[in-house]
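Asker: Here is how the chains run, residue by residue.
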Amino acid sequence: MSERTDLLLSIADDELVLGWRNSEWTGIAPFLEEDVAFSSIAQNEIGHARALYELAAAELGTTADELAFDRSPAEYRCAPLVQLRKLEWARTIARHWLYETADEIRLAALRASDDPEIAGIAAKMDREEAYHRMHAEMWVERLLSSDEGRARLNEAVDELWPYALGVLDDGLRPELRSRVERRLGRALPDVEPVSRDVHEAELAELLEEMTMVRRSAPAGARW
Amino acid sequence: MIFEVFRQERKGQPFQHAGSVAAPDERFAEIYAREQYGRRQESIALWLVPRSAVHEIAEFPDEFEMKYRRVDGYSIKARLREARERAGTLEMAPGGES
Amino acid sequence: MDTRTQEFLEYVQSGGQVETTDWMPDEYRARLIKFIEMHGNSELMGVLPERDWILRAPTLQRKLALTAKIQDEVGHAQLIYRVVEDLGKPRSACLDDLVSGKAKFHNVFHYPTRTWGDVGVIAWLVDAAAIVSQKALLKCSYAPYARIMKKICWEESFHILHGRDVILALVTGTDEQFELVQEALDRWWEPLMHFHGNPIPADEDPMYVWRIKSQGNEAARQEFLDGYVPQIRELGLTIPDPALRKDEETGVWRFTEPDWEKLRAVVTGHGPASEERLAFRRLSREDVAWVEQVVLAEAA
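These protein sequences, in sequence, are chains A, B and C. If you're matching positions, the first sequence starts at 1 in our numbering and goes up one per residue. If you're matching positions, the second sequence starts at 1 in our numbering and goes up one per residue. If you're matching positions, the third sequence starts at 1 in our numbering and goes up one per residue.
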């Protein structure tokens, strides 16, 4: 597999799995307005995953759906940050904000790519991610402005910090650290990043559920 | 806070009342209204107005039927017929005898 | 009935519409709240039979379309509870009454969703039945409700398309996929026949008398059957009611009389999935209660 395909698949898997995790909130978000907003974010992420899988599929001679659904768990390249099941609002917001912050840094690097397809898709994604960042920032500000919210957010960030670092390659991590520390107004510990080679048990469970309908008919069946 | 939301469907069209949205503040309201009233590209612009800023006027008394300010205040038809009869142009009028 | 109420009744019966700030009889307000609240509850509870299947949708396209459908339903609940709120009952009170089992929600959301076939049948036929009811609310005498119904009906039309597309893919797939649809239809037919309620004459239905809805129950069911029985049958599916046929002379659909006692039991919380759904809603509401407190504390 080329380095390019590997890159496309790792971002696509991030977006697919995070979109999947975020859609676990559909129907049960803290309030109805938030439910609708968060659902759009989940849809955008799945949409980005699809666009990225399509680019990779053209190179591999397969389809976006086959890449999304039909690989073995070990083949997924998503960061452990998105694999974790965090159906608790402070952790969900912390992950959302950490991911969007990391993603902004990653997309900025990709927009400067020599590969016009990659630069183009990164620019398109970034235009939608701008709303995700606005949404994440709105929540971070809101949580930081009360004692309870701040305590919950800080605890969640501490828990997720090694995972957040794992979203980015070595070279981009210092930028993530400086942005997150600046926003929270405190230093974060030096920790070993949880890299993409790690597959959390929760990923296998997610893939099991994600593919259960698809596996119920022979390969190639129409859905 | 409750915000009244007005939306414009296409360039050049008037903003029309779309409904309302509840949000903790203007920032949340922006995100939530965008989703509720624009996620299917059905709006090109939204106005958000805090409900408390809406000043409603709903009484328009017209006790003495000042009809001259309305179209139904003019009975053109009968007079026009009379004028045409006098001028002998009744048959030339659009719709003939009508 | 006092003169003012009598005049109000005549006004709405002759097609007149009422705004939030207008005077209205207490009975009218109470009936509006109860009816509209139940509609909001139904949209919200209607999310639960389908949300698990977002996670299991078999292609990216289906996952996106199903997420969008459920998002619409939450959005509808939001719009509808806003209308109730402006009539005097806060959303939090509606949710309290919903999770405590005091307020009702629609019969179809008391049933489990067993297979992907159910997902198709719900999106196509349950939403089709819902659109018949909701179209009859476009002329509701309470104008703010009638206005949001335009947006709601518009969005429901996407759901029917999505549902029909899911069904068409399955009935043109393997024999097992076809069977998935037939089996789901077999289970959903009874709830669908219950959907529009018992055949109480329109003039005895207070919701019609006050022109909250513009159509009686049986008329709605007939409209549904007229529109959808041919569409179901042309796919080679069998409707599990041997007595179902259209009387060619009168144009009226005949069918086995549904068990109305069962409908009453289901909507009063004794359906196969009622308790589980309410428990889930209670639990998820408790889990996020702190968020509302934090957000509202700041806003106050």
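Hints may be right or wrong, so weigh each one.
As the list claims (entries may be wrong) - Straight-line C-alpha distance at most 27 Å; calculated DSS-like pairs for lysine-lysine:
(1) C/LYS151 - C/LYS135
(2) B/LYS11 - C/LYS89
(3) C/LYS135 - C/LYS89
(4) C/LYS89 - C/LYS139
(5) C/LYS246 - C/LYS89
(6) A/LYS124 - B/LYS11
(7) C/LYS151 - B/LYS11
(8) C/LYS135 - C/LYS104
(9) C/LYS89 - C/LYS102
Claimed, not checked - The following residues of chain C were derived to be distant from chain A, with all beta-carbon distances above 10 Å:
(10) LYS34
(11) ASP96
(12) ALA103
(13) GLU261
The set of hints was computed from the structure by calculation and includes no laboratory data. Glycine is no exception: its CB is placed at the ideal position from the N, C-alpha and C atoms.
Asker: Next step is simple, just say for each hint if it's right about the structure.
Answerer: Taking the hints in turn, this is what the structure says about them:
no. : hint                : verdict
1   : C/LYS151 - C/LYS135 : holds, 11 Å
2   : B/LYS11 - C/LYS89   : violated, 38 Å
3   : C/LYS135 - C/LYS89  : holds, 25 Å
4   : C/LYS89 - C/LYS139  : holds, 23 Å
5   : C/LYS246 - C/LYS89  : violated, 43 Å
6   : A/LYS124 - B/LYS11  : holds, 24 Å
7   : C/LYS151 - B/LYS11  : holds, 20 Å
8   : C/LYS135 - C/LYS104 : holds, 21 Å
9   : C/LYS89 - C/LYS102  : holds, 14 Å
10  : LYS34               : holds, 20 Å
11  : ASP96               : holds, 14 Å
12  : ALA103              : holds, 16 Å
13  : GLU261              : holds, 31 Å
Consistency note: the structure conflicts with the earlier hints numbered 2 and 5.
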